[in-house]
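Sequence lines, in order, name chains A and B. The opening residue of the first sequence carries number 6 in the numbering used here; numbering runs sequentially from there. The opening residue of the second sequence carries number -13 in the numbering used here; numbering runs sequentially from there.
Worth double-checking, as some hints may not be accurate.
DSSO-like cross-link-like pairs, simulated, lysine-lysine; straight-line CA separation at most 30 angstroms [unchecked claim]: (1) B:260 <-> A:32; (2) B:260 <-> B:416; (3) A:32 <-> B:463; (4) A:45 <-> B:19.
Derived list of chain A stretches under chain B, where covered just means 3 residues or more per stretch with a C-beta under 8 angstroms from a C-beta of chain B [unchecked claim]: (5) 25 to 37; (6) 40 to 52; (7) 57 to 64.
Pairwise CB distance ranges, derived in the manner of DEER restraints [stated by the list, open to error]: (8) B:348 <-> A:30: 43 to 53 angstroms; (9) B:370 <-> A:33: 13 to 23 angstroms; (10) A:38 <-> B:311: 47 to 57 angstroms; (11) A:33 <-> B:171: 23 to 33 angstroms; (12) B:179 <-> A:29: 38 to 48 angstroms; (13) B:22 <-> A:33: 14 to 24 angstroms; (14) B:388 <-> A:25: 23 to 33 angstroms; (15) B:22 <-> A:29: 14 to 24 angstroms; (16) A:29 <-> B:276: 24 to 34 angstroms; (17) A:30 <-> B:395: 21 to 31 angstroms; (18) A:33 <-> B:209: 28 to 38 angstroms.
Derived from the structure by calculation, the hints contain no laboratory data. Since this is a predicted model, take the numbers as computed values, not measurements. C-beta: ideal position from N, C-alpha, C; glycine also.
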Amino acid sequence: MKSYHKILLIIILLNVTSCTVLKEYEKVYINDELIALGPKSLERFEMNFQIYREAAAGGNGGKTGGGCGCN
Amino acid sequence: MIMKKNSLIIAFSMVSTILLGQQKDSDASYEKKVLDQVEIEFLSSYYEQDGKHGAVGGGLGSEKIQDVTPTLVVNIPIGKNGVLTVDSGISAYTSASSSNINPFYSANSSGEYDDYDDDDDKYEDDDDKSSKGNVPNTYSGASTSGNLTGGPIGTPWYASSGASRKDVLTYVSINYSESSEDRNRIVSSNLYVSNEYDYNSLGLGAGIVGLFNQKNTEVGAKVKAFFDQWKPIYPTELHEYGKYGSNFLNSGYFNNVNVLDQSGQNTSTYYPSKFKEWTSSNRNSYTASLDFSQILSQRAHILFNLDFVYQHGMLSTPYHRIYFNDIPKHYIGLSEFIPVYETNQNAGVFRLADDIERLPSSRIKIPFGTRLNIYASDVVAVRTFYRYYYDNWGITSHTASVELPFRISDSFVFTPSARYYSQVEANYFKPYGQHSSKDTFYTSDYDLSGFTSTQFGFGISYKDIFTQFKVLGFGLKNADFRFQHYYRSDGLNAIIYGLSLKFIQN
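Chain A with its partners taken away, still in its complex shape (with noise of 0.2 angstroms):
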């Protein structure tokens, strides 16, 4: 594993265990939906055009199979 792959998997694993535990009302700013992990719905389109001009997808919760893409 090459060194900046491990200095960030630190640092992803720093943050996730060092976090506190919110209560429900808490979470005002975390259940804003400004900050949705999720992308929004109108990004459907985007994601798609991406699918087809790009040779990536996955990895975003979004479409990673059925269609042909070939246009």
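Use these hints to put chain B onto chain A, whose structure you have.
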């Protein structure tokens, strides 16, 4: 048969779960529902692109596309724990590149050619009889030559009026999700069906999500399978070769049509012996996904997503032409345009294909993505995304994007966004005319080339929690507009507009 059986099983399980949910509802209707009212969302987009590396022209020619996608999504509460989502729509497009599956025009009919959908022909072709004797507006470049009284002409730089210049993809996706009483488990199942003239797709999926740690941690797993079916359409010249064999230059479409060599002289040496039609036209895709999300603080959370995708079957596109560098060139059209064939000054000659794209019959894709979203202040938030992608065709890619939603008022949010993408080319890609006939696999589709792309745009969101604007008993809850401009380093440009209106039942 297997597909039908699977569809029945999934449909039965979805209906069973729905009925079960309704039964439970009557016993404990005082509890809060997962979804209170029916929601209806109208979505639509307009997409336009242009470029100079059309895959149907073997990596050369117009890539002009226009696409309109009206879509309707309906969310229906089922009992207190279930939500049924019906997502349906169409994608109606015109494509200059696809139109050139049959690029040829002629004022005089150039021999017999099959109907668009000829039942007695094992091949499907792409001729549109209505355009046979006419030069369409989209082909104004050729008409300026003033020489349309002879044989057929064509060019990869303009759209032809072949039937494949336009198509409509129609799809329906049905999803049912059911939450547990404590809302710590969600199970879902999905059915997807789509249809295009030359392509059908059937998709099945199921997923489970678990929430832990007082709903601070979420873990999800999904599986999906798509069973797709091509109805192959081949480039005109290869279609005729496949149909008539060694005598094809004196038969069907080629009867009385002059084939030119590189010097513009008539020749009878065109013989695309590498071409063989596909005997199996299935394409199956299987995906397993793992999601993990974690609240990091009162203002930040993070998501990791790992997909494993396995595809098998006909992964090539049957009308993407290939031109070899070790085989003499052959053309149909006006010889004076041969010297400028590779430029958009070519208004009247089309090079005949040596073969179609050939790619391996299996592919493994492994994308890993992460999102980190931060509520920076009451005015602005930061939404970030990064993805690393690997596949066994030699492609790796990096994607990074950022969005900065600004809350302008209680109702309006303005969101500028930027995205960067880079990709290493597939092992089987080479530009126009650079493949060898000795190669096993080859493509000149620039979607599989090495490039970088950038995308900039913005979105405007409107939200009315009181749903004051009403239509037929439904109140407008959200309205969203997005505009994005996309630029690929090989010269492809695209824009996309999107509009969404979400109503809830009052």
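The hints, checked one at a time:
1. B:260 <-> A:32: 63 angstroms, violated
2. B:260 <-> B:416: 18 angstroms, holds
3. A:32 <-> B:463: 22 angstroms, holds
4. A:45 <-> B:19: 22 angstroms, holds
5. 25 to 37: holds (count 11)
6. 40 to 52: Since 10 is at least three, the answer is holds.
7. 57 to 64: holds (count 8)
8. B:348 <-> A:30: 43 to 53 angstroms: 51 angstroms, holds
9. B:370 <-> A:33: 13 to 23 angstroms: 21 angstroms, holds
10. A:38 <-> B:311: 47 to 57 angstroms: Holds - the Cβ-Cβ distance for residue 38 of chain A and residue 311 of chain B, about 54 angstroms, lies within 47 to 57 angstroms.
11. A:33 <-> B:171: 23 to 33 angstroms: 25 angstroms, holds
12. B:179 <-> A:29: 38 to 48 angstroms: 39 angstroms, holds
13. B:22 <-> A:33: 14 to 24 angstroms: Once the Cβ atoms are compared, 20 angstroms apart, the range 14 to 24 angstroms for residue 33 of chain A and residue 22 of chain B holds.
14. B:388 <-> A:25: 23 to 33 angstroms: 26 angstroms, holds
15. B:22 <-> A:29: 14 to 24 angstroms: 18 angstroms, holds
16. A:29 <-> B:276: 24 to 34 angstroms: For residue 29 of chain A and residue 276 of chain B the Cβ distance comes to about 26 angstroms; the hint holds.
17. A:30 <-> B:395: 21 to 31 angstroms: Distance hint for residue 30 of chain A, residue 395 of chain B holds at roughly 25 angstroms.
18. A:33 <-> B:209: 28 to 38 angstroms: 35 angstroms, holds
Consistency note: the structure conflicts with earlier hint 1 alone.
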